[in-house]
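Those protein sequence lines, which keep their order, are chains A and B.
When we follow full-length UniProt numbering, the leftmost residue of the first sequence carries the number 1, and every step to the right adds one.
When we follow full-length UniProt numbering, the leftmost residue of the second sequence carries the number 1, and every step to the right adds one.
Because the hints were derived from the structure by calculation, they are not lab data.
A quick note: this is a predicted structure, and the numbers were derived from the prediction, not measured.
For every residue, glycine included, the Cβ atom is placed at its ideal position computed from N, Cα and C.
It is possible that part of the hints are untrue.
[Claimed, not checked] Just so you have them, the derived chain A footprint on chain B, three or more residues with Cβ under 8 Å:
{"id": "1", "stretch": "29-37"}
{"id": "2", "stretch": "192-204"}
[Stated by the list, open to error] One side of the interface only, derived from the structure: several residues of chain A facing chain B at Cβ under 10 Å:
{"id": "3", "residue": "Ala33"}
{"id": "4", "residue": "Gly110"}
{"id": "5", "residue": "Glu113"}
[Said to hold, decoys possible] Quick partial rundown of chain B residues pointing at chain A, CB under 7 Å, derived from the structure:
{"id": "6", "residue": "Ala24"}
{"id": "7", "residue": "Glu53"}
{"id": "8", "residue": "Leu219"}
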Amino acid sequence: MGMDRRASWLKGVLDLLVLARLTEGESYGYAIAGSLDEAGLGRIRGGTLYPVLNRLEEAGLVAAEYRAAEKGPGRRYYTLTEQGREVLAEQGAAWLEFDASVRSVLTGGGVPEQGAVEKRTG
Amino acid sequence: MSEYFDGLAARLAERGVDGERARAILDDLAAYVRESGADPEAEFGPAGEFAAELTGAGDAGGGAEEADPDVLRWTADVFEGPRSLNAFGEQGWEVDRVDRVGRFVARRDREHPQTWEYLQEVAASRADRERLAARLAPDGWEPCGHWSVLAYFKRPGSATAGPAAELEAPPPPSRRRYFIGVKGAVFSAVCLVVAVVAAAWSLPRLVAGPAEAQDSSELLGFVLGAAAGLALPLAAFWLAVRLWSRSRERRRSGG
């Protein structure tokens, strides 16, 4: 149940997370998945990530360039477009506003903030 | 190339992805698998489904509803609308919106499908729709789209039936996507005949009028007359809809 819920949360925001990762510069599928995992979002399967990358590319929010490798298969490198940057700013702000509202309702309902939990258990 | 990628290449080709793009995608995925050490099928899912995901309709917001089997579209005339809505509602279809061409766009929750109820109302303007929504909200109704002067409202079955509204085994949707009844067909035919007669009568006059005008004031009179001739029926229609929706609302609040 917990994992299902996390997966559905991620579904609503994965495109923005990918765009946000690309603000640091160009990247490729596996590296994007790895950096999101490192950020605490868990391991995102290629089957989930690539359709999102494709949709972002088709919408013109990222540009992809295929580069052949000397050894092994080549890779597609993704960069953020100007339009992608604008969508990230606008939709990212909307998500943060939503997050603030959720936070406010949950803490109002007695759910302790993450920092408070760590302080209590640590 | 592994069996999985051969299968995926075939599925991509079937979906019309050109050779160069397919090669780039497959190379990229192969590099991913090589780097992660993952099994392709476990990582990307069955080749057919993954190809469908990769070539799904573009919508960066995650909408991709064209590729979504849980999305249903259908159209109905004004008389059949409520019946078709409630029939699909009983099968768990929740209308999200009415699209530009007047089709209902609905989706069904994959994990917890439940029944939905619908209302079709008449509202001449946005203010009318808002007034209607405010009046219906206490009973659990919420707007789910509008088209022309028709406004639609939905209510989850659980609002009245509680957990019993949840569907354990929702049936597959019927193949029918057009719900045009006898009344709707007669109404459309009458509208068509009126439009054709009106056009046949007015178009030759619209063409001849300016040509026969003696001076600019006569031409101005013709233009103003034509504009009034167009505006009057529209205003009469709008007024009739307003009066009808108001009287319906009064009857409801009285009863």
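Quick rundown of the hints versus the structure:
1. Look at the stretch 29-37 of chain B against chain A: 8 of its residues bring a Cβ nearer than 8 Å to a Cβ of that chain, three or more, so the hint holds.
2. Coverage of the stretch 192-204 of chain B by chain A is violated in this model, with 0 residues showing a Cβ closer than 8 Å to a Cβ of that chain against a need of three.
3. Here the hint on Ala33 of chain A is kept, as its CB sits about 8 Å from the closest CB of chain B, short of 10 Å.
4. At its closest, the beta carbon of Gly110 of chain A sits 26 Å from a beta carbon of chain B; the interface hint therefore is violated under the 10 Å criterion.
5. Checking Glu113 of chain A against chain B by beta carbon gives a least distance of about 28 Å; that is not within 10 Å, so the hint is violated.
6. With a least beta-carbon distance of about 4 Å to chain A, the hint placing Ala24 of chain B at the interface is held under the 7 Å criterion.
7. Interface hint at Glu53 of chain B: satisfied, since its Cβ lies 4 Å from the closest Cβ of chain A, which is below the 7 Å cut-off.
8. Among the interface hints, the one on Leu219 of chain B is violated; its C-beta lies about 48 Å from the nearest C-beta in chain A, farther than the 7 Å criterion.
This entry does not satisfy hints 2, 4, 5 and 8, going by the numbered hints stated previously.
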